[in-house]
Amino acid sequence: MDIKKLKLTEIKNLIEKREIKAEEVTEYYLKRAISLQEKTNAFITLNEENILEQAKNLDNLVEKGFKGKLTGVPIAIKDNICTKGIRTTCASKILSNFIPPYNATVIENLKNEGAIIFGKTNMDEFAMGSSNETSYFGPVKNPWDMERIPGGSSGGSAVAISAILAPASLGSDTGGSIRQPASLCGVVGMKPTYGRVSRYGLIAFGSSLDQIGPFARSIDDCALILEAISGYDPKDSTSIKIDTPEYLKNLNKDIKGLKIGVPKEYFIEGVEEDIVKSIEKSIEIYKKLGAEIQEISLPHTKYGIAVYYLIATAEASSNLARYDGVKYGVRAENVKDLKQMYIKTKKEGFGEEVKRRIMLGTFSLASGYYDAYYKKASKVRTLIKNDFMNAFEKVDVILCPTSPTTAFKIGEKSNDPIQMYLSDIFTINVNLAGIPAISVPCGFDKKGLPIGMQIIGNYFDEQKVLNTSFAYEDAVGGFKFSPYQED
Amino acid sequence: MEFEAVIGLEVHAQLLTKSKIFCGCSTQFGSIPNSQTCPVCLGMPGVLPVLNKKVVDYAIMLGLATNCKINKNSYFARKNYFYPDLPKGYQISQYELPICSNGYIIVKTKEGEKKIGITRIHMEEDAGKLIHEGSYSLVDLNRTGTPLLEIVSEPDMRTPEEAVAYLKELRQILLYLGICDGNMEEGSFRCDANISVRKKGETKFGTKTELKNINSFRFIQKALEYEIERQIDVIESGGTIVQETRLFDSSKGITISMRSKEEAHDYRYFPEPDLMPVFIDDNHIENIKKNLPELPYEKRLRFKEQYNLPEYDIDILTNEKEVADFYEKCVSLYNNPKTLSNFFMTEILKELNERKCQIKDTRLTAENIVEIFKLLDEQKLNYNGAKTLLPKIIETGKSPSKLMEEMGLAQISDTSTLEAIILEVLKNNKKELKEYLSGKDKLFAFFIGQVMKKTAGKANPKILQELLKEKLSKIGIDDVDNL
Chain A
1 MDIKKLKLTE IKNLIEKREI KAEEVTEYYL KRAISLQEKT NAFITLNEEN ILEQAKNLDN
61 LVEKGFKGKL TGVPIAIKDN ICTKGIRTTC ASKILSNFIP PYNATVIENL KNEGAIIFGK
121 TNMDEFAMGS SNETSYFGPV KNPWDMERIP GGSSGGSAVA ISAILAPASL GSDTGGSIRQ
181 PASLCGVVGM KPTYGRVSRY GLIAFGSSLD QIGPFARSID DCALILEAIS GYDPKDSTSI
241 KIDTPEYLKN LNKDIKGLKI GVPKEYFIEG VEEDIVKSIE KSIEIYKKLG AEIQEISLPH
301 TKYGIAVYYL IATAEASSNL ARYDGVKYGV RAENVKDLKQ MYIKTKKEGF GEEVKRRIML
361 GTFSLASGYY DAYYKKASKV RTLIKNDFMN AFEKVDVILC PTSPTTAFKI GEKSNDPIQM
421 YLSDIFTINV NLAGIPAISV PCGFDKKGLP IGMQIIGNYF DEQKVLNTSF AYEDAVGGFK
481 FSPYQED
Chain B
488 MEFEAVIGLE VHAQLLTKSK IFCGCSTQFG SIPNSQTCPV CLGMPGVLPV LNKKVVDYAI
548 MLGLATNCKI NKNSYFARKN YFYPDLPKGY QISQYELPIC SNGYIIVKTK EGEKKIGITR
608 IHMEEDAGKL IHEGSYSLVD LNRTGTPLLE IVSEPDMRTP EEAVAYLKEL RQILLYLGIC
668 DGNMEEGSFR CDANISVRKK GETKFGTKTE LKNINSFRFI QKALEYEIER QIDVIESGGT
728 IVQETRLFDS SKGITISMRS KEEAHDYRYF PEPDLMPVFI DDNHIENIKK NLPELPYEKR
788 LRFKEQYNLP EYDIDILTNE KEVADFYEKC VSLYNNPKTL SNFFMTEILK ELNERKCQIK
848 DTRLTAENIV EIFKLLDEQK LNYNGAKTLL PKIIETGKSP SKLMEEMGLA QISDTSTLEA
908 IILEVLKNNK KELKEYLSGK DKLFAFFIGQ VMKKTAGKAN PKILQELLKE KLSKIGIDDV
968 DNL
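If you're matching them up, the sequences are chains A and B in order.
This note's numbering puts the first residue of the first sequence at 1, with every later residue one more than the last.
This note's numbering puts the first residue of the second sequence at 488, with every later residue one more than the last.
What the hints contain is simulated information worked out from the structure, not anything from laboratory work.
Note that the Cβ used here is the ideal one computed from N, Cα and C, for glycine as well.
Keep in mind that the hints are not guaranteed to be accurate.
[As the list claims (entries may be wrong)] Covered stretches of chain A, as calculated for chain B (at least 3 residues, CB under 8 angstroms):
#1 94-107
#2 131-145
#3 232-243
#4 366-378
So that you can see chain A by itself, here it is in the shape it has in the complex (with noise of 0.2 angstroms):
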């Protein structure tokens, strides 16, 4: 038996049935992260001892006949995502020493379905950035090209991905940082619908804009982790009391009729050639497929990234204000009174891009600039959702590119803050909306780098989402995810 070939639910069904233990699975995987963290960069935490011994628990569980729906599958977890007794550092040199005595919730429904919690990811420091290059713990390689990055924030939970070190991952998406990195790593990434799942313990970064979603091999697999973390969780008010669908039970390729839209004001220029060559050629797919191709309109596109950048570091510079050398996480040393403490510990704890967007965000708060930025920002917020309801009024869904490149080389963007956030450029405004989207392994550029298309859909229409994403994964014959991957 190949482990690193296995499906989500054939892992379950096997060590269910016990003809694998999930302590095999488990150390397989072990095995691969770690004979590959060198390369790759991808975890921050790697606990074997805690891992194993959970493999070990549940393998006694299942004597006993426990069954769930992700029994025995190591599922490795962005390291901004608390896990109670496992250091979750946020990739900050400020939470280094950070061991939360609580687990997030997402974490509490993984591990009531039987899942293992596998190691926590690198991810660019407090979600910030597109590249991996801004954490603490030094930048990630994308499998697919070492030199190059695997895009952001969640690069290590792509990498697991694409270089096979877990069979699933969960990672957090505030302006694309689950999207766009799955896209330049090519595997599956989704962002939820705000409010679908619980952000208890999810370390905020832009509390309006920040959701968790899961990374997977292929769409059915990507499905069952989101029917698993999705819920109404009372200990997050902005969760929402909705029934979770059995996303994988009603997975579902026919999508003869299916309305997609495609916004012409996502095909601009500095979007590379490949990529549009590639998203038309999905177009051609998805008509043979019997969907019905409409070009829409979303005119307040252009302000997404003005508009973005002024909400989420506003939101992150008030989230950010608790890590002060107080209560936990890291302070500064030879201080002669509070003024200094606060000033070393910010200084010394947080990196430059963190820094930036903290200044960024309190500037925009600033009393007398409130209303020219953050209060009109809010306002255009509300235009840019409008341009996604009014679409959504003609078509099931949207599709476009995820990203305007495939991965650049560590470094190339490093210094122009401005290029960098263009990365984000088509995945930020459904944040902004609070609607659900995936990005979709779609083929490679010329370099043989991986092109990632969005699938955009309305509120809670997750399942649309997958379902379009399904039928194209269907018609492909599955995704070339990984470069291990015929190992």
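With the hints as your guide, set chain B onto chain A.
Okay, now just chain B, sitting in the frame of chain A:
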């Protein structure tokens, strides 16, 4: 030149909810530092607030009690500033749209009743406490997240007395509603004052200063008096008032500058993204309205009408709702409002004060109080006896007649017994008797006192008086030695 002060007050009232505003931790005062905390109120990474619905209900109650508009749509905002007692680096409060606005309360002033406007009432969380120990400080976060209502008045008060009257009335309303214990020492009722002065007749406001955290009515009065005088002095000596925050030093009775306007925080308020807006429907407001208790102002009016008591009595009896309720229960069983009022004011409340307790902490019942008065009316007990009985009733809850027997307090009304005692007293005080008979009338009281002493205060005073008078009238000065 004559000046007048303009005063506006901001009150923070801690709510009597069992748990904190955004987590399930207990709000109890005085526990071991940091024992009442959880990841949420400690502001740990990734945690989220969940609103305690009781806080919303309490805010609505106070809003209705102070004639406010209840805003069916309000939302929370973050007030950002750094301090070690504020673990998140921001306080969750309300800013642009508070839950209640545009109300008023009526207070008594020297010139009669006056309406004091209430600008807004909003919900927020309290911060923790710092304990400074020499070269370091300790942080106690037990209080962090305790629910507060901030009540902001209009600048409608003109004297320190009016300000204190407003605070007393507001505190009484909170106590009547049962949503705040009003304890100023423990900080569950705190006050900041904005104050300016202007020439009498001027319509524009002067530059104001803010006085922070003054923790008793007496200190508020003193702090305001000092600050008014200070501001007038500054203006009269040709200076200008600086807009600043000042602290009251209660030991010296003065206010000291804490920070100027330039040093004031920019709180960078913005809507709290972790909480949904607060929606309140009309039904909910109606339900709360239906269950509101009678408020102090209305109760005072009714006491005047129903019991025809003097204002002084009414103020004392209605000061605490519990006392007023207890008084009314007694009146319903024994319809003699003024007699009962006197007994409440001179005896019952004195006993409670001495014990520093409330009626509910004692075994006092209205039935027992009324029984005392029946015994008095039937002359089985005298007032002295009643006074002696009261502490025992409070402690034991036993019926007055039973206690009266046990303690031997039954009044002596039997004439032959009293006559014998009178005779004995007169025999033993021949010198005084002679003096009395020679015209020193004042000594009558002396004989009464002696009889009372002998009977341990149990003699029926009325009968005693009659008998003594009768006896004395029958004695001639020559009879004294032969008594």
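Against the structure, the hints come out as follows:
1. 94-107: holds (count 6)
2. 131-145: violated (count 0)
3. 232-243: holds (count 5)
4. 366-378: holds (count 4)
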